[in-house]
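Protein chains: 2
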Amino acid sequence: MSKAGDNEGGVSDWRGSSKQPDGAAAGEKVLSKLSTVSARPGWTKVSCPCCVLERVEPLVLVKLKDKVSPETKRWLLRLIGAPQKDGGASLLAHPGEDASGDVIILSAPRCTLLRATEELGLCKTYRNGEMEAFSYSDRDNFKDSDNMEAFLTVAERQFIVKYELEGLRAKQDLRVPGLPDSFTLHHRDNIWQKLSSAGVLVDMFPLHFPDKLKNLSEAWYSGNQLVQPLDAVNEYFGSSVAFYFSFLDFYTWFLLPPAILGLFIAYFSGEVKREMAESVSVSKVIVGIHDDSEPLVSGHMLQAVFSMLWSTVFMELWKRRSSTLSYRWGTLQLAERFADPRPGFHGNLGVNPVTGRVEPLFPDWQRDLRMGLVSIPVVGLFLGLVVLGMLCFYWGEAQMQQLHKNWDSVLTQALLYMPSVLHIVYTNMLSTVYKRVAQSLTEYENHREESAFENHLTAKVLVFTFFNYFAVLFHIAFFKQDVPLLRRRLASLLIISQLVNQVTEVVIPFLVDRFISAPNRAESEDDSHQDKFRNQWTLPPFPGLFAEYIELLVQFGYLSLFSCVFPLTAVLLLLNNLTEIRSDAYKICRLFRKPFFPPVAGMGVWQIAFEVLSFVSVVSNCWLLLLSPRLQQLCKEGGMSSTDVLLVAVMVEHLLIIVKFIIATLIPDEPDWMRKKREHIEYRSMKALRQQKLQNEES
Amino acid sequence: MSKAGDNEGGVSDWRGSSKQPDGAAAGEKVLSKLSTVSARPGWTKVSCPCCVLERVEPLVLVKLKDKVSPETKRWLLRLIGAPQKDGGASLLAHPGEDASGDVIILSAPRCTLLRATEELGLCKTYRNGEMEAFSYSDRDNFKDSDNMEAFLTVAERQFIVKYELEGLRAKQDLRVPGLPDSFTLHHRDNIWQKLSSAGVLVDMFPLHFPDKLKNLSEAWYSGNQLVQPLDAVNEYFGSSVAFYFSFLDFYTWFLLPPAILGLFIAYFSGEVKREMAESVSVSKVIVGIHDDSEPLVSGHMLQAVFSMLWSTVFMELWKRRSSTLSYRWGTLQLAERFADPRPGFHGNLGVNPVTGRVEPLFPDWQRDLRMGLVSIPVVGLFLGLVVLGMLCFYWGEAQMQQLHKNWDSVLTQALLYMPSVLHIVYTNMLSTVYKRVAQSLTEYENHREESAFENHLTAKVLVFTFFNYFAVLFHIAFFKQDVPLLRRRLASLLIISQLVNQVTEVVIPFLVDRFISAPNRAESEDDSHQDKFRNQWTLPPFPGLFAEYIELLVQFGYLSLFSCVFPLTAVLLLLNNLTEIRSDAYKICRLFRKPFFPPVAGMGVWQIAFEVLSFVSVVSNCWLLLLSPRLQQLCKEGGMSSTDVLLVAVMVEHLLIIVKFIIATLIPDEPDWMRKKREHIEYRSMKALRQQKLQNEES
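Order-wise, the sequence lines are chains H and L.
Per my numbering, residue 1 is the first one in the first sequence, and the count goes up by one each step.
Per my numbering, residue 700 is the first one in the second sequence, and the count goes up by one each step.
No lab work stands behind these hints: they were computed from the structure.
Predicted, not measured: the structure shown is a model, and the values here were computed from it.
Note that the Cβ used here is the ideal one computed from N, Cα and C, for glycine as well.
Heads up, a few of these hints could be off.
[Stated by the list, open to error] Here are the simulated lysine-lysine pairs, BS3-like style, with alpha carbons at most 30 Å apart: (1) LYS1134/L - LYS893/L; (2) LYS693/H - LYS870/L; (3) LYS1386/L - LYS1375/L; (4) LYS1392/L - LYS85/H; (5) LYS319/H - LYS85/H; (6) LYS1386/L - LYS143/H; (7) LYS693/H - LYS1134/L; (8) LYS319/H - LYS1376/L; (9) LYS1386/L - LYS676/H; (10) LYS212/H - LYS587/H; (11) LYS842/L - LYS870/L; (12) LYS762/L - LYS687/H; (13) LYS762/L - LYS85/H; (14) LYS687/H - LYS1018/L; (15) LYS842/L - LYS693/H; (16) LYS913/L - LYS893/L; (17) LYS1134/L - LYS687/H; (18) LYS65/H - LYS319/H; (19) LYS319/H - LYS171/H; (20) LYS1386/L - LYS319/H; (21) LYS676/H - LYS85/H.
[Stated by the list, open to error] What follows is a list of derived Cβ distance ranges for each label pair: (22) LEU1001/L - ASN428/H: 54 to 64 Å; (23) GLN1065/L - ASP231/H: 56 to 66 Å; (24) LEU422/H - GLN1331/L: 27 to 37 Å; (25) THR1342/L - PHE510/H: 47 to 57 Å; (26) GLN1065/L - VAL358/H: 17 to 27 Å; (27) LEU383/H - GLU1378/L: 48 to 58 Å.
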């Protein structure tokens, strides 16, 4: 990077030309002196000559506390604009309307974007048309590397701004002007984190691009598209979101075979009406004696075996698709391991043995110890509390019913609802507490990479949530061993929970947005840009993809774990997902602030969750088939004792698990052409390493 | 490599100076002209000036057919000595006593060794003390790269000679002098393979180094060493053998905990005498009603659960040890994928997409198809034949006993043995046929890498052999459900088969060698070197490590699958292995010709076999515990039905499998320092690749 002082160009007005000269070249001052120089309105100046742009694109909005002192804001603007070697972020900042406003609007110059692209390990199109890991020094050979808007996606540019800001570390001990003396930044402190916890920074979010958003919406959910514009989603929202929608899409298409099979079985076994009748009559207390009077056991078994093998094939093919998408979106070789640790990471300063850089180090065994001795027991404890709550609920219900039988008054009638109400309150409280605990536990585990942190956090919440959802069903299936009740419960859950989901997720936010929020922030054409940006802040923040993924996982659980008791599951899920795709797309485009998402190479821990579920499904389905009274009756007629039947079931289960393992091993996780590309890269790296060592010798 | 013609130096006499000039510079002639030039006695000349050595080390002996024509031999010597660019092997050859003898003795010059070291991807000590993948162009920075005897191990030098010979391919169509016209080498034919199948080449084996062998024997098995000289074994026999002995060593030490536990349980449950009595009284037909009258069920269970978890911990720690050894022996980054395909590989010529070289290509899907549609069904068929044989045996035995009961004569008495005899004959025939079939199947699968070929062949034979060994035990355990019979069978197998093994493997060869073969080849000090070398040929060829590994695997099977019925298994195995280490060492050093072994990074497919067995053991142990009449009685007293007991057993089994999975996931497969080294190499490769692309641009 050229020295900041060499360049006198700056950007002074909104979207203005950057060529306008600016005498007060503030950028060249080192960080410690920044607080003494006064700020100008308009964009801060670019710190290297190659980055001088015709047009500055506002990417990210930072919301400061309401009454931030102008010195602090000026210091912050200076910090953001200072070159990286001086401890700054090398970004472009705009103070909004004036120096006393509470927003900063950020953009990034070309050099910063390109360097961060290399640091993140993103792949871009090389001049030979292949996707190659981007290298700053080799930038001229990459396609479009002079035009950032074509070279990087919107999501990448915005993420890089966040990445640079969150990577800011104090180069020495210093005081921040305008803040109390008690607030001091120490050497290597993470500036962004400290300022956030001090309340100076309230929020930071990427800005929407109205034109692009409009085009995306039209291609995504306005019409009756069968295919989602996944590349456009990746361009606008980033690969995390694009992977979620790709998976949803892939999953929905893959639901077709089990749905057709389910319809077929239901139709031919004449079960359609009965199932429908049952699912409607959930609340009625009909003891399910007649339920299994005439099912086609062979149909159920077919469905169960099919869905067990289907789930493995599905997951294996998804892995192939996932790696293809990852290649296409340039996230196949993300170099998080080799980049700086995530902001929250702490440890003793030392030399990283892998990269040779000085950074905080934290031994792996200590992390393992913390996970083994603290995290796992605590998670186990909470799972135990869920079970305890369920047992108390069943006990309470039995007690209340006894009471009602004995006394039979309005009071006892009302008391009948007590256990359910208490259980719901208990469960909700528990899950709120658990989420906080999971966050602290994962912080305590001190993961080096952001993705590792996210995956561990997700895994913790996921296990708990899943357990919460399925504890009752498992209880019915394995302890009560009551298939008719299970079937009713499943049908009602499928129908009701999906309806509730759609309503709470989309309809309510839509109504709120349309009739309550929107009138308050009615935009007019002559609003200033700042006002428009500020308006985006009034939208609620996007709650993350956890809720979306867990919904799919729970669905997948219903389908794979209990499909044999309710053959129409796949049909219902298929119908649900066709609307889900559209409603999720609408939601993320219109109802929330645009979220930051890091580039990712796949679904992370969710993929493992789906795979685990697919194996658990074998156990569950074999067990449910075994419970079927019809099967037991048939076997008795065939002269087998219940122990023999159980033995056969266990053998079938083991066999199916082995078959699933073999299928999973046989289907490669990446397509052939990808493997060849990967091996080619490995080969070239090997050669290059040898070459380089030699050259280092010679020089 | 310098042009062969530039160098007039050659080696003319045995271990003579190579400086002696030699006018008939034959090496520079291209291959097609070789047949016309006459050969000299003594070593062929070195093809590049840097390789001229003071002393030539005889490494490998090639045995030709008895009456090989001198022209053919001369052609062969010429071919071996010709530089690689002319289609030769760039090796040094010596024609033995004279040009009409039937042996060729080979050595390798420095350049050939170093180039092959790079091709094989061996790691050597860099000047900074780290193990780095060797690079020919960077050779001067590697320790000892000027002294081949210190730089490469004996085994590596000998393997490289074999590697070069087997990689010889005809550069154009040509006739071999002295062979019938019908024998023509076509373009790209593998010369060594063609000559072997034509009977010109009878054998090829590495030569022993008597001094080194003596030192190795002394350090290995002569005294009462507790520690094996594994590095010396790797140096002399190569990493394949060294890995086998490392595993044997590691396994033997790991047998201590279960052995101590077994002794403890056996002693406290007073079972020692009974077990001993039983194992001796195998042949007596005592119906085992009293057998389970007083066992400590808790002891058995403890043993079973312990051995199930032990086996996982053992395998995981072995993996760590294995990767450490692989780093130490420089085989961690073997580049077989990037090297030339193995000699037997065929396919259409094309450009390898990974390395960019022209070589035969064979699509993976076609190989997968062949495996799926041919290999797997054929292997299944043979496994079916094993089962069929076993069923026929049981049926025949029942018939004969019936016959004996009805007639009771000497004839029927003799006929009683018929089924056993027939079964043994059948099994042996089957396994002989199967071995050939497995070889052809694996050839048919057309694997590109030698290691893949070996692994697939081993896997096929392994499955069959293992099935053969265990079919009867499984039959007793799962169908007859006769624990006492199983216990007797196991005890007798353990004791008798180990005795038989030790006798057939060591005592008989030793006796044969000492009293029959040795007098015939009594060496005297004044024998010529050639005679000494020729004597080595009279030793039988080493039968390979398959028999050794399968013995360990079967042992491990006895221990992990059925340990809960016979707690002293580990003790017996421990005793056996302590002698096994010594007898195996003696065997490979003294009783056989020295074998060729490629450098390997681990145990290959054997590791998978041990791991699979460790998981199967959970199923088997849970089942055996369930069978215990004592347990069933206890449960009945506790008011559980047999179905309930079965359910509990299944749950315990699932739980144990999950625990094993978690243990296997939690223990990393490589030590922490290795992971860091590996990541460091990846990081440097990534950097180097970027660097190189840039330099390619600039140049």
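Results for each hint:
1. Restraint check for LYS1134/L and LYS893/L: satisfied, since their Cα atoms lie roughly 23 Å apart, inside the 30 Å limit.
2. A hinted pair counts as satisfied when its Cα atoms are at most 30 Å apart, and LYS693/H with LYS870/L does not qualify at roughly 34 Å.
3. This hinted pair checks out: LYS1386/L and LYS1375/L have alpha carbons roughly 16 Å apart, not beyond 30 Å.
4. Between LYS1392/L and LYS85/H the alpha-carbon distance is near 26 Å, which keeps this suggested pair within the 30 Å criterion.
5. Straight-line distance between C-alpha atoms of LYS319/H and LYS85/H comes to about 41 Å, which puts the hinted pair past the 30 Å bound.
6. With a CA separation close to 20 Å, the supplied pair LYS1386/L and LYS143/H stays within the 30 Å bound.
7. For the given pair, LYS693/H sits about 47 Å from LYS1134/L by alpha-carbon distance, which is inconsistent with the 30 Å threshold.
8. A threshold of 30 Å between alpha carbons decides the hint, and for LYS319/H with LYS1376/L the separation of about 29 Å falls inside it, so the pair holds.
9. For the hint pairing LYS1386/L with LYS676/H, the CA-to-CA distance comes to about 21 Å; that is within 30 Å, so the pair holds.
10. As the CA atoms of LYS212/H and LYS587/H are separated by approximately 16 Å, the hinted pair is consistent with the 30 Å bound.
11. Annotation: proposed proximity of LYS842/L to LYS870/L is violated, straight-line Cα distance about 36 Å (limit 30 Å).
12. In summary, the hint linking LYS762/L to LYS687/H is not supported, as the alpha carbons are separated by about 38 Å, beyond the 30 Å threshold.
13. Between the alpha carbons of LYS762/L and LYS85/H the distance comes to roughly 70 Å, so the proposed pair goes past 30 Å and is violated.
14. Restraint check: the Cα-Cα separation between LYS687/H and LYS1018/L comes to about 28 Å, which is no more than 30 Å; the hinted pair holds.
15. Between the alpha carbons of LYS842/L and LYS693/H the distance comes to roughly 15 Å, so the proposed pair stays at or under 30 Å and holds.
16. For the hint pairing LYS913/L with LYS893/L, the CA-to-CA distance comes to about 37 Å; that exceeds 30 Å, so the pair is violated.
17. Proposed proximity of LYS1134/L and LYS687/H is contradicted: the alpha carbons are some 40 Å apart, above 30 Å.
18. For the hint linking LYS65/H to LYS319/H, the alpha-carbon distance of about 44 Å lies beyond 30 Å, and the restraint is violated.
19. In summary, the hint linking LYS319/H to LYS171/H is not supported, as the alpha carbons are separated by about 43 Å, beyond the 30 Å threshold.
20. Annotation: proposed proximity of LYS1386/L to LYS319/H holds, straight-line Cα distance about 28 Å (limit 30 Å).
21. Our distance criterion of 30 Å between C-alpha atoms is broken by LYS676/H and LYS85/H, whose separation comes to about 40 Å.
22. For LEU1001/L and ASN428/H, the Cβ-Cβ distance of about 44 Å falls outside the hinted range of 54 to 64 Å, so the restraint is violated.
23. Distance hint for GLN1065/L and ASP231/H: a CB-CB separation of about 33 Å, inconsistent with the stated range 56 to 66 Å.
24. In this structure, LEU422/H and GLN1331/L break the distance hint of 27 to 37 Å, their C-beta atoms being roughly 43 Å apart.
25. A C-beta distance of roughly 54 Å is found between THR1342/L and PHE510/H, which places it inside the suggested range of 47 to 57 Å.
26. A C-beta distance of roughly 52 Å is found between GLN1065/L and VAL358/H, which places it outside the suggested range of 17 to 27 Å.
27. About 34 Å separates the C-beta atoms of LEU383/H and GLU1378/L, a value inconsistent with the hinted range of 48 to 58 Å.
Figure legend: structure checked against the earlier numbered hints; hints not met, in rising order: 2, 5, 7, 11, 12, 13, 16, 17, 18, 19, 21, 22, 23, 24, 26, 27.
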